[in-house]
Amino acid sequence: MKIKAFFKLIRIEYSLFLAVGVIIAGLLTGDLADFTSVYLLAFFIVFFVAVGSYAFNDFYDLEKDRENGMVDRPLVAGLLSPKTSVVTGIIAFTVVVVLAILLNSLFFAVAVLVHLPLFYLYNSHLKKVLAVKNAVIAYGFVALILLGPLVATGTLTPLVIYFAVMAFIVGFAFEVMLDIGDVDGDRRLGVNTIPVRFGSRRAAIVCVALYAVIMVMDPIPFFTRLDLRIYHDYVFLPLILISVLFYLIASIAIARNQSKTSVFKLKRLVFLTMQVACAAYLIGVFI
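Count the sequence shown with this note's numbering and you get residues 1 to 287, in order.
One thing to keep in mind: the hints can contain errors.
Cross-link-like lysine-lysine pairs, in silico, DSBU-like; alpha carbons within 30 angstroms at most [as the list claims (entries may be wrong)]:
| id | residue 1 | residue 2 |
| --- | --- | --- |
| 1 | K260 | K128 |
| 2 | K83 | K4 |
| 3 | K260 | K4 |
Because the hints were derived from the structure by calculation, they are not lab data.
Input sequences plus hints: build the corresponding full structure.
As C-alpha coordinates, then:
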(Lines of atoms letter the chains of each structure in order from A; the text may use other names.)
(Lines give C-alpha, C1' and ligand atoms only; values in the text may rest on other atoms or scores of the structure.)
Protein backbone atom coordinates (compact mmCIF):
# COMPACT_ATOMS: atom_id res chain seq x y z
CA MET A 1 0.00 0.00 0.00
CA LYS A 2 2.82 2.43 0.92
CA ILE A 3 4.66 1.71 -2.33
CA LYS A 4 1.50 2.24 -4.37
CA ALA A 5 0.85 5.50 -2.51
CA PHE A 6 4.43 6.61 -3.10
CA PHE A 7 4.12 5.93 -6.83
CA LYS A 8 0.96 8.05 -6.83
CA LEU A 9 2.81 10.82 -5.03
CA ILE A 10 5.56 11.00 -7.66
CA ARG A 11 3.10 10.31 -10.53
CA ILE A 12 5.33 7.48 -11.71
CA GLU A 13 3.61 7.16 -15.10
CA TYR A 14 3.94 10.89 -15.84
CA SER A 15 7.52 11.08 -14.54
CA LEU A 16 8.56 8.17 -16.76
CA PHE A 17 6.70 9.59 -19.76
CA LEU A 18 8.43 12.94 -19.38
CA ALA A 19 11.82 11.27 -19.04
CA VAL A 20 11.18 9.14 -22.11
CA GLY A 21 10.63 12.43 -23.94
CA VAL A 22 14.41 12.89 -23.86
CA ILE A 23 14.88 9.56 -25.62
CA ILE A 24 12.14 10.40 -28.12
CA ALA A 25 13.90 13.66 -28.98
CA GLY A 26 17.12 11.75 -29.50
CA LEU A 27 15.42 9.27 -31.80
CA LEU A 28 13.80 12.06 -33.81
CA THR A 29 17.16 13.75 -34.31
CA GLY A 30 18.91 10.48 -35.04
CA ASP A 31 21.42 11.08 -32.25
CA LEU A 32 20.65 7.76 -30.58
CA ALA A 33 22.02 5.90 -33.58
CA ASP A 34 25.25 6.28 -31.62
CA PHE A 35 23.88 6.13 -28.10
CA THR A 36 25.87 8.11 -25.57
CA SER A 37 25.74 8.19 -21.79
CA VAL A 38 24.57 11.80 -21.93
CA TYR A 39 21.08 10.64 -22.91
CA LEU A 40 21.00 8.34 -19.91
CA LEU A 41 21.99 11.26 -17.69
CA ALA A 42 19.38 13.48 -19.33
CA PHE A 43 16.74 10.75 -18.87
CA PHE A 44 17.36 10.52 -15.13
CA ILE A 45 17.68 14.29 -14.73
CA VAL A 46 14.22 14.80 -16.22
CA PHE A 47 12.82 11.85 -14.25
CA PHE A 48 14.04 13.15 -10.89
CA VAL A 49 13.06 16.74 -11.67
CA ALA A 50 9.54 15.43 -12.33
CA VAL A 51 9.56 13.28 -9.18
CA GLY A 52 10.69 16.20 -7.03
CA SER A 53 8.23 18.61 -8.62
CA TYR A 54 5.27 16.27 -8.12
CA ALA A 55 6.29 15.61 -4.50
CA PHE A 56 6.54 19.33 -3.71
CA ASN A 57 3.31 19.90 -5.65
CA ASP A 58 1.32 17.61 -3.36
CA PHE A 59 2.86 19.25 -0.27
CA TYR A 60 2.00 22.80 -1.32
CA ASP A 61 -1.38 21.78 -2.78
CA LEU A 62 -2.53 19.79 0.25
CA GLU A 63 -5.14 22.34 1.35
CA LYS A 64 -6.30 22.88 -2.22
CA ASP A 65 -6.55 19.12 -2.87
CA ARG A 66 -8.62 18.72 0.28
CA GLU A 67 -10.93 21.51 -0.87
CA ASN A 68 -11.33 19.77 -4.22
CA GLY A 69 -11.97 16.37 -2.62
CA MET A 70 -9.01 14.74 -4.35
CA VAL A 71 -8.96 11.62 -2.20
CA ASP A 72 -6.79 9.86 -4.78
CA ARG A 73 -3.86 12.00 -3.61
CA PRO A 74 -1.90 10.05 -0.96
CA LEU A 75 -1.47 13.05 1.36
CA VAL A 76 -5.18 13.82 1.30
CA ALA A 77 -6.00 10.15 1.92
CA GLY A 78 -3.54 10.04 4.82
CA LEU A 79 -1.50 7.26 3.21
CA LEU A 80 1.67 9.35 3.31
CA SER A 81 2.73 12.23 5.54
CA PRO A 82 3.56 15.75 4.31
CA LYS A 83 7.08 15.15 5.65
CA THR A 84 7.48 12.21 3.27
CA SER A 85 6.51 14.47 0.39
CA VAL A 86 9.07 17.14 1.34
CA VAL A 87 11.86 14.62 1.93
CA THR A 88 11.13 12.99 -1.42
CA GLY A 89 11.32 16.35 -3.17
CA ILE A 90 14.60 17.26 -1.48
CA ILE A 91 16.20 13.89 -2.27
CA ALA A 92 15.04 14.00 -5.89
CA PHE A 93 16.38 17.52 -6.46
CA THR A 94 19.66 16.56 -4.75
CA VAL A 95 20.03 13.67 -7.19
CA VAL A 96 19.43 16.13 -10.05
CA VAL A 97 22.26 18.34 -8.77
CA VAL A 98 24.66 15.38 -8.70
CA LEU A 99 23.64 14.24 -12.20
CA ALA A 100 23.91 17.78 -13.58
CA ILE A 101 27.51 17.97 -12.37
CA LEU A 102 28.24 14.82 -14.40
CA LEU A 103 27.10 16.45 -17.66
CA ASN A 104 29.87 17.07 -20.18
CA SER A 105 29.05 20.77 -20.43
CA LEU A 106 29.31 23.43 -17.74
CA PHE A 107 26.74 25.54 -19.58
CA PHE A 108 24.08 22.83 -19.56
CA ALA A 109 24.92 21.79 -16.00
CA VAL A 110 24.27 25.37 -14.90
CA ALA A 111 21.11 25.47 -17.05
CA VAL A 112 19.75 22.36 -15.33
CA LEU A 113 20.57 23.74 -11.89
CA VAL A 114 18.89 27.05 -12.71
CA HIS A 115 15.69 25.20 -13.56
CA LEU A 116 15.40 23.61 -10.11
CA PRO A 117 14.50 26.88 -8.36
CA LEU A 118 12.04 27.59 -11.18
CA PHE A 119 10.14 24.35 -10.65
CA TYR A 120 10.28 24.79 -6.87
CA LEU A 121 8.95 28.35 -7.16
CA TYR A 122 6.25 27.02 -9.47
CA ASN A 123 4.95 24.83 -6.65
CA SER A 124 5.35 27.38 -3.87
CA HIS A 125 4.24 30.60 -5.60
CA LEU A 126 4.00 30.73 -9.40
CA LYS A 127 1.07 28.34 -9.75
CA LYS A 128 -1.11 30.97 -8.07
CA VAL A 129 -0.36 33.53 -10.80
CA LEU A 130 -2.81 33.68 -13.70
CA ALA A 131 -1.57 31.71 -16.74
CA VAL A 132 2.00 31.59 -15.39
CA LYS A 133 1.51 28.10 -13.94
CA ASN A 134 0.25 26.89 -17.32
CA ALA A 135 3.18 28.46 -19.13
CA VAL A 136 5.74 26.99 -16.72
CA ILE A 137 4.35 23.47 -17.14
CA ALA A 138 4.22 23.91 -20.91
CA TYR A 139 7.80 25.16 -20.87
CA GLY A 140 8.76 22.07 -18.88
CA PHE A 141 7.47 19.92 -21.76
CA VAL A 142 9.69 21.87 -24.16
CA ALA A 143 12.77 21.79 -21.94
CA LEU A 144 12.73 18.02 -21.57
CA ILE A 145 12.55 17.55 -25.35
CA LEU A 146 15.40 19.96 -26.04
CA LEU A 147 17.69 18.84 -23.22
CA GLY A 148 19.02 15.62 -24.75
CA PRO A 149 19.86 16.84 -28.28
CA LEU A 150 21.35 20.11 -27.01
CA VAL A 151 23.59 18.41 -24.48
CA ALA A 152 24.64 15.64 -26.88
CA THR A 153 25.26 17.60 -30.09
CA GLY A 154 24.40 21.23 -29.43
CA THR A 155 22.05 21.24 -32.43
CA LEU A 156 18.33 20.89 -33.01
CA THR A 157 16.67 19.49 -36.11
CA PRO A 158 13.57 21.19 -37.57
CA LEU A 159 11.45 18.19 -36.55
CA VAL A 160 12.55 18.39 -32.90
CA ILE A 161 11.85 22.14 -32.80
CA TYR A 162 8.43 21.50 -34.35
CA PHE A 163 7.79 18.72 -31.83
CA ALA A 164 8.79 21.05 -28.98
CA VAL A 165 6.36 23.74 -30.16
CA MET A 166 3.55 21.18 -30.18
CA ALA A 167 4.61 20.03 -26.71
CA PHE A 168 4.26 23.58 -25.39
CA ILE A 169 0.77 23.95 -26.85
CA VAL A 170 -0.39 20.57 -25.56
CA GLY A 171 1.15 21.20 -22.14
CA PHE A 172 -0.59 24.56 -21.81
CA ALA A 173 -3.96 23.15 -22.91
CA PHE A 174 -3.59 20.14 -20.63
CA GLU A 175 -2.96 22.33 -17.58
CA VAL A 176 -5.90 24.62 -18.38
CA MET A 177 -8.10 21.54 -18.64
CA LEU A 178 -6.93 20.29 -15.23
CA ASP A 179 -7.62 23.73 -13.76
CA ILE A 180 -11.22 23.42 -14.93
CA GLY A 181 -11.59 20.34 -12.75
CA ASP A 182 -10.15 22.23 -9.76
CA VAL A 183 -12.10 25.44 -10.28
CA ASP A 184 -14.37 25.18 -7.21
CA GLY A 185 -11.58 24.61 -4.73
CA ASP A 186 -9.31 27.15 -6.43
CA ARG A 187 -12.03 29.79 -6.23
CA ARG A 188 -12.57 29.19 -2.50
CA LEU A 189 -8.83 29.42 -1.84
CA GLY A 190 -8.31 32.46 -4.04
CA VAL A 191 -6.08 30.70 -6.58
CA ASN A 192 -6.10 32.79 -9.76
CA THR A 193 -6.45 30.35 -12.66
CA ILE A 194 -7.96 30.85 -16.11
CA PRO A 195 -11.23 29.04 -15.18
CA VAL A 196 -11.50 31.03 -11.93
CA ARG A 197 -10.93 34.36 -13.68
CA PHE A 198 -12.91 33.78 -16.88
CA GLY A 199 -15.16 30.82 -16.07
CA SER A 200 -14.99 27.13 -16.94
CA ARG A 201 -16.83 27.60 -20.22
CA ARG A 202 -14.32 30.11 -21.57
CA ALA A 203 -11.43 28.03 -20.27
CA ALA A 204 -12.86 25.07 -22.17
CA ILE A 205 -12.87 27.21 -25.32
CA VAL A 206 -9.16 27.89 -24.75
CA CYS A 207 -8.55 24.13 -24.50
CA VAL A 208 -10.54 23.43 -27.66
CA ALA A 209 -8.69 26.16 -29.57
CA LEU A 210 -5.28 24.83 -28.53
CA TYR A 211 -6.21 21.22 -29.23
CA ALA A 212 -7.47 22.35 -32.65
CA VAL A 213 -4.04 23.84 -33.37
CA ILE A 214 -2.46 20.50 -32.48
CA MET A 215 -4.93 18.63 -34.68
CA VAL A 216 -3.73 20.74 -37.59
CA MET A 217 -0.04 20.57 -36.70
CA ASP A 218 0.20 16.83 -36.00
CA PRO A 219 -0.10 15.60 -39.62
CA ILE A 220 1.68 18.56 -41.28
CA PRO A 221 5.09 16.77 -41.49
CA PHE A 222 3.43 14.22 -43.78
CA PHE A 223 2.60 16.95 -46.30
CA THR A 224 5.79 19.01 -46.01
CA ARG A 225 9.52 18.38 -46.22
CA LEU A 226 10.05 19.20 -42.57
CA ASP A 227 11.66 15.77 -42.21
CA LEU A 228 12.06 13.51 -45.23
CA ARG A 229 11.71 10.40 -43.09
CA ILE A 230 8.00 11.06 -42.58
CA TYR A 231 7.28 13.07 -45.72
CA HIS A 232 4.56 11.15 -47.58
CA ASP A 233 5.01 8.29 -45.10
CA TYR A 234 1.81 6.26 -45.30
CA VAL A 235 2.65 4.41 -42.10
CA PHE A 236 2.93 7.67 -40.15
CA LEU A 237 -0.26 9.26 -41.51
CA PRO A 238 -2.92 6.82 -40.21
CA LEU A 239 -1.16 6.57 -36.85
CA ILE A 240 -1.01 10.32 -36.32
CA LEU A 241 -4.63 10.65 -37.43
CA ILE A 242 -5.56 8.41 -34.49
CA SER A 243 -4.17 11.03 -32.12
CA VAL A 244 -6.00 13.74 -34.08
CA LEU A 245 -9.23 11.79 -33.57
CA PHE A 246 -8.55 11.48 -29.83
CA TYR A 247 -7.92 15.24 -29.55
CA LEU A 248 -11.17 15.84 -31.40
CA ILE A 249 -13.04 13.58 -28.96
CA ALA A 250 -11.43 15.37 -26.01
CA SER A 251 -12.30 18.77 -27.48
CA ILE A 252 -15.95 17.88 -27.97
CA ALA A 253 -16.15 16.39 -24.48
CA ILE A 254 -14.61 19.37 -22.66
CA ALA A 255 -16.76 21.80 -24.66
CA ARG A 256 -19.90 19.95 -23.59
CA ASN A 257 -19.05 19.10 -20.01
CA GLN A 258 -16.66 20.90 -17.64
CA SER A 259 -17.44 18.84 -14.54
CA LYS A 260 -14.70 17.44 -12.33
CA THR A 261 -15.66 13.88 -13.31
CA SER A 262 -15.44 14.69 -17.01
CA VAL A 263 -12.05 16.39 -16.62
CA PHE A 264 -10.68 13.39 -14.70
CA LYS A 265 -11.66 11.07 -17.57
CA LEU A 266 -10.28 13.45 -20.19
CA LYS A 267 -7.00 13.70 -18.30
CA ARG A 268 -6.40 10.00 -18.97
CA LEU A 269 -7.57 10.28 -22.58
CA VAL A 270 -5.28 13.22 -23.39
CA PHE A 271 -2.34 11.51 -21.67
CA LEU A 272 -2.98 8.45 -23.83
CA THR A 273 -3.24 10.69 -26.89
CA MET A 274 0.19 12.18 -26.16
CA GLN A 275 1.64 8.67 -26.09
CA VAL A 276 -0.08 7.73 -29.35
CA ALA A 277 1.30 10.85 -31.05
CA CYS A 278 4.82 10.13 -29.80
CA ALA A 279 4.57 6.54 -31.02
CA ALA A 280 3.32 7.72 -34.42
CA TYR A 281 6.32 10.00 -34.88
CA LEU A 282 8.78 7.34 -33.74
CA ILE A 283 7.31 4.65 -35.98
CA GLY A 284 7.17 7.10 -38.86
CA VAL A 285 10.83 8.00 -38.45
CA PHE A 286 12.06 4.42 -38.26
CA ILE A 287 9.76 2.56 -40.66
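Violated constraints from the hint list, given by number and in increasing order: The structure conflicts with no hint, since it agrees with every one listed earlier.
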